[in-house]
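**Q** Now for the letters of each chain:
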Amino acid sequence: MSLANRSLVTIDDLSNGEIEALFSLADEMADSPNKQAVLCQGKIMASLFFEPSTRTRLSFETAMLRLGGQVITAVDVGATSLAKGESIADMAKVVGSYADLIVVRHPWEGAARVVADYAGVPVINAGDGSHEHPTQTLCDLYTIRKERQTIKGLRIALWGDLKHGRTVHSLIYALARFGATILFCSGSGLDMPEHVLRRLGTEYKGELKSCKELNYETEKSLFPLDAIYLTPSSPHQLAMLPDINVQVELKAGVDALYVTRLQKERQTSTVEEGKSEKSYPVVDKKLLKGKVFEKTLVMHPLPRVDELTHEMDADPRSMYFKQAAYGVPVRMALLAILLGAKEVTVDRDKDSFIREIDYPVYKRDSGVKCSNRNCVSNQETEVRYIKPEFRIVSRQLLTLRCIYCDHELYPHYVASSEWHEGRLENKRYHSADSRFARKIRPENLIIFASENEAQAKRFKPSSYVKQ
Amino acid sequence: MSLANRSLVTIDDLSNGEIEALFSLADEMADSPNKQAVLCQGKIMASLFFEPSTRTRLSFETAMLRLGGQVITAVDVGATSLAKGESIADMAKVVGSYADLIVVRHPWEGAARVVADYAGVPVINAGDGSHEHPTQTLCDLYTIRKERQTIKGLRIALWGDLKHGRTVHSLIYALARFGATILFCSGSGLDMPEHVLRRLGTEYKGELKSCKELNYETEKSLFPLDAIYLTPSSPHQLAMLPDINVQVELKAGVDALYVTRLQKERQTSTVEEGKSEKSYPVVDKKLLKGKVFEKTLVMHPLPRVDELTHEMDADPRSMYFKQAAYGVPVRMALLAILLGAKEVTVDRDKDSFIREIDYPVYKRDSGVKCSNRNCVSNQETEVRYIKPEFRIVSRQLLTLRCIYCDHELYPHYVASSEWHEGRLENKRYHSADSRFARKIRPENLIIFASENEAQAKRFKPSSYVKQ
Amino acid sequence: MSLANRSLVTIDDLSNGEIEALFSLADEMADSPNKQAVLCQGKIMASLFFEPSTRTRLSFETAMLRLGGQVITAVDVGATSLAKGESIADMAKVVGSYADLIVVRHPWEGAARVVADYAGVPVINAGDGSHEHPTQTLCDLYTIRKERQTIKGLRIALWGDLKHGRTVHSLIYALARFGATILFCSGSGLDMPEHVLRRLGTEYKGELKSCKELNYETEKSLFPLDAIYLTPSSPHQLAMLPDINVQVELKAGVDALYVTRLQKERQTSTVEEGKSEKSYPVVDKKLLKGKVFEKTLVMHPLPRVDELTHEMDADPRSMYFKQAAYGVPVRMALLAILLGAKEVTVDRDKDSFIREIDYPVYKRDSGVKCSNRNCVSNQETEVRYIKPEFRIVSRQLLTLRCIYCDHELYPHYVASSEWHEGRLENKRYHSADSRFARKIRPENLIIFASENEAQAKRFKPSSYVKQ
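Order-wise, the sequence lines are chains A, B and C.
Mapping to our numbering: the first sequence position 21 is 21, numbers consecutive.
Mapping to our numbering: the second sequence position 214 is 214, numbers consecutive.
Mapping to our numbering: the third sequence position 12 is 12, numbers consecutive.
Worth flagging that the hints you see were computed from the coordinates, not collected in a lab.
None of the values given here were measured: they were computed from a predicted structure.
It is possible that part of the hints are untrue.
In silico negatives: residues of chain B with every beta carbon more than 10 angstroms from chain A [stated by the list, open to error]:
| id | residue |
| --- | --- |
| 1 | L25 |
| 2 | R55 |
| 3 | H310 |
| 4 | V344 |
| 5 | D365 |
No more than 25 angstroms apart at the CA atoms, straight line, and that leaves these computed lysine-lysine pairs for DSS-like [said to hold, decoys possible]:
| id | chain 1 | residue 1 | chain 2 | residue 2 |
| --- | --- | --- | --- | --- |
| 6 | C | K152 | B | K387 |
| 7 | C | K84 | A | K285 |
| 8 | A | K369 | A | K152 |
| 9 | C | K35 | B | K35 |
| 10 | C | K146 | C | K387 |
| 11 | A | K285 | C | K93 |
| 12 | C | K387 | A | K285 |
Cβ coordinates follow ideal geometry from the N, Cα and C atoms, glycine included.
Starting from the given sequences, assemble the full structure and let the hints guide the process.
**A** What follows is the structure, given as structure tokens:
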């Protein structure tokens, strides 16, 4: 399947084979940057930034210009168009009629998908709230692969704010897909969110162990560690002798340490502020003097503040400025491919990752709404045309995942459209986790936001409703 | 007359023939956009936006880039240069020494004319306050002509906020020039301003009838209607059997419905806010299900908010996204012409509209000032060099129209410079509407802002001053 | 020495010969601007503006585009990256990995040097606080030279706010280097700062006379005058018959009058605001009607406010709009040279100015800090990696000049690292101006911020410490 005219909203929009092909092209771009100056001649890229970002935007714009294309830029679009009450779908349609491709950043989670749905031209997500930032992930993967030739089987430690960092969530899924072992070293109160962990376990087939579970002794450890995710292909010794093996695994050395910044600007709720000081150890020469870190690639998506000292800048292990620089060839390759200036086709049969799980979709018009206040589907200007839509990712504990922002919710009551058709007296609702409810076929499933909604719609409790 | 090196400040800067020629070129641009990539090579367009506007700016920049030209952009210039107290004339001169053409948007009415006067290069008005936005008008006309092959004789309904919309005022004059019949359907408290209506009657030779005058029964009508403007060439039956004919005229169907947004950001005065809620019916499938709307082009300058529902987007009658898309070829044609990259000459003899009325100009240094607080001629930084200047558009009720913002004022007292030369005892002032005063030749006319001014300048009341 | 790949942080980064060569190239650019459109093809310039500036930025961008290069722009970067606590060194490194050259404006004094130190590509200072703005100086010099063929021996009057204007400080040193006579005509309370005057005297070898010293009678004078700086090559008659000669000198006429704007935005301290109204005479036709101004070039860096009337705009002596227009060819020449697209080599032997004085540098890690609160070396985000560094420009009264912002400070206590090595009882500190202290070799010098610091470091006062 060709990549031309497709959009990149989440890292999962690309299969492993496609990512590999993209990286080969990026190598070509990096090796002879001056030969690319005619590839995208006559093409226009629109930078639509509803939230400021100097680094990411300039990286994309540089990439487009180096390909011979041109750029139109709107920074802080929000102030203009939102003040007028315009929807992002309208903005997407209009700008899509000007430009050949749109790069969009937006503070709302899921906004990039909406732009992609309406623009009529390829759209690249340059960050949508705390949701995804797939080109950052591509740069991260490219850096590791460039320096270590592979990602499979490497031990990658993620350090710091694993709760708010959008770059880090996209990265985790991608690392899992490529078969890396992931070490979670989060600061206190900055743990990886539950839904990310759960998804790792269910969709990427590896094995996730929390250190508490493993009796891993942090105080004796080489460095603070919360949990470890083992690639499916690694020897599953942990299951047998877990705590010993973690130590063994770690003594083999960390291949990359991915440091993140404490994302103060994403800690909006006052509840969070009330909590105790969030922090994690500074990454400096002292921390990295141990044998496990001897050959570690020190990575950071930048900007950094105090979590990674300037003294590391000259250290040969430090990769973060290279990582930023690689952003240009990676984005050049991506733009060239999506604009159809370079053809990359991947043999589907040999491709190691294609979205394997095809969850059923729930889009019945009901009271069920995404529980994420920052989701695009909950915004005043967007509810005029967006209908909530979810993937049903589990029936055991009924779990809906918002197709826009990937947040999950767990409704308690359901009914079946089949069993009561036309007959009021048959309208019954059931507890979602009852054996009976779990048998309702997805296409017949009616999901209620609350028991009140069910009753307002004149459904009566069945015997499968727990009291 | 060639169009190269001219400016476009108001839609009246172009004759009908010139607009037709521009549209033919726009067709060419739309048909083969990729053949235009060398037309403006080596030329630089400056986007000078003293007020933010994503849509209009990106449309111009796309157009210039598609012509092979380059762009320099300054958004929100106001914050920078105004903070330093600089005049827009100085900014115009400096930027005019960098770029080959300037596109300017400014919140002050009349600002684009000042920029055009001082820049030394062609200037395009991309919106000056509530005054004009001529390229929007060109896109609107182009859309109608593209879809209906002509504008002459069509019935165009204007819907919503006819008071504040700058796009709508420019459009009205242009429609009148091209011989359309215009139906005014304004929301309550959002009527077309008096001066626009008056001008329609005096300068465009058609016939304007308010529905009140016509005993048009709104409650029985197909849709709310305030007034109708009939093109000079349409059969003048209305004068004889007015109310019946409006119904007849309307039953023939509306060719285009031009919906506007409630321009909240232009309602600055507190008096206005105090007034009752402004509103007008939402344009949706239900409203448009009648026979009169069967083939109606649904237009909107965008951004829209709630006045036009998203359900209309997929309707084949909806033209608003096409309208936005046409902005690029229309602006490409305009830029190519003004930069001299394409020659368009129109035979003056055959041209159906050239500014016909040559009003005398009043620019004597006196106390008469434009009454529009938002006019460029009343701004602190600009009064250093701008002298008020007016067209004398009527002597019956003495009416001065500001050459910058087109607002009108009605001074009450005048004198003649001829009749008192050198002799103090002859200095007399007269009521402007007296028979005597109306005979004073324009070049001799002295106009006073007030009776006080006349007396302060030692004029005495003549017998032609009403007590 | 080639200029390719060098940075322009201060006007002193260029020798007189290099400036002359640059001007010859600028002449070429101005004469055939359309022949330059391939010179910088494939090159990208980054405009990094941490402080808004429409004029300067657009001038640079126009220059780059006219050379066939491309531009990436970030305006008001401060709001984005500083909010995240990022250092300018990090920003410089990242953007330097995208672009081929960086143009930077920043409100902190010395910021451009830091960017140049870290970017890895040539950097042009487009203004760093009140420190320097070297390309403005180049445009000023180019205008004078273009109109008068030379700068040497001309009489240039500087008018207005000589205290805050960054353009004017850079200009003064440059004029001195090229051998002009400088007349200081500052407004009340807006005198040239002491350190600028001192530097003129010590480093540029001319003679500086204040008018008070000369008994120059302002009230009888042709125009207000504070001081005069005489080029080394002019006949030194002033020393003998000072006041007569100033009059004689002035009667010969002023070659250029450089008017400046009152820089309100740089008057931050509340103390200053408390002072009496700052002002200076308006430059208008009346002021310039005298014989001394008959052939005076009237210059202004723009923007102007009220200090130079609009009536002067049409006067043939007025150069300020030409000055702005010359910005493009001058910047084209500079960009072409630094990017290596044009080779300019200057014979060092024949070059009339190369930094002659090589002051010893003090960079010992001690408590001595730049006293300028707005210096880059004092900013929270930058102290993580910047160590204060100073040139020792005088031992008489110990004077340190900050290598970042050029502010001077005068520490009172010093010690020698040689004389106490290893032995605590020998650790003595001395008054910096004592005969003994002045003998300490620069490489052994330890400088204390205060007597307290010396004592905290367990030094005891020597007999060379004044009580």
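**Q** Each hint: holds or not?
**A** Here is what the structure says about each hint:
{"no.": "1", "hint": "L25", "in the structure": "holds (19 angstroms)"}
{"no.": "2", "hint": "R55", "in the structure": "violated (6 angstroms)"}
{"no.": "3", "hint": "H310", "in the structure": "violated (4 angstroms)"}
{"no.": "4", "hint": "V344", "in the structure": "holds (24 angstroms)"}
{"no.": "5", "hint": "D365", "in the structure": "holds (40 angstroms)"}
{"no.": "6", "hint": "K152(C) with K387(B)", "in the structure": "violated (43 angstroms)"}
{"no.": "7", "hint": "K84(C) with K285(A)", "in the structure": "holds (24 angstroms)"}
{"no.": "8", "hint": "K369(A) with K152(A)", "in the structure": "violated (38 angstroms)"}
{"no.": "9", "hint": "K35(C) with K35(B)", "in the structure": "holds (24 angstroms)"}
{"no.": "10", "hint": "K146(C) with K387(C)", "in the structure": "violated (42 angstroms)"}
{"no.": "11", "hint": "K285(A) with K93(C)", "in the structure": "holds (21 angstroms)"}
{"no.": "12", "hint": "K387(C) with K285(A)", "in the structure": "holds (19 angstroms)"}
The structure shown violates the earlier hints numbered 2, 3, 6, 8 and 10.
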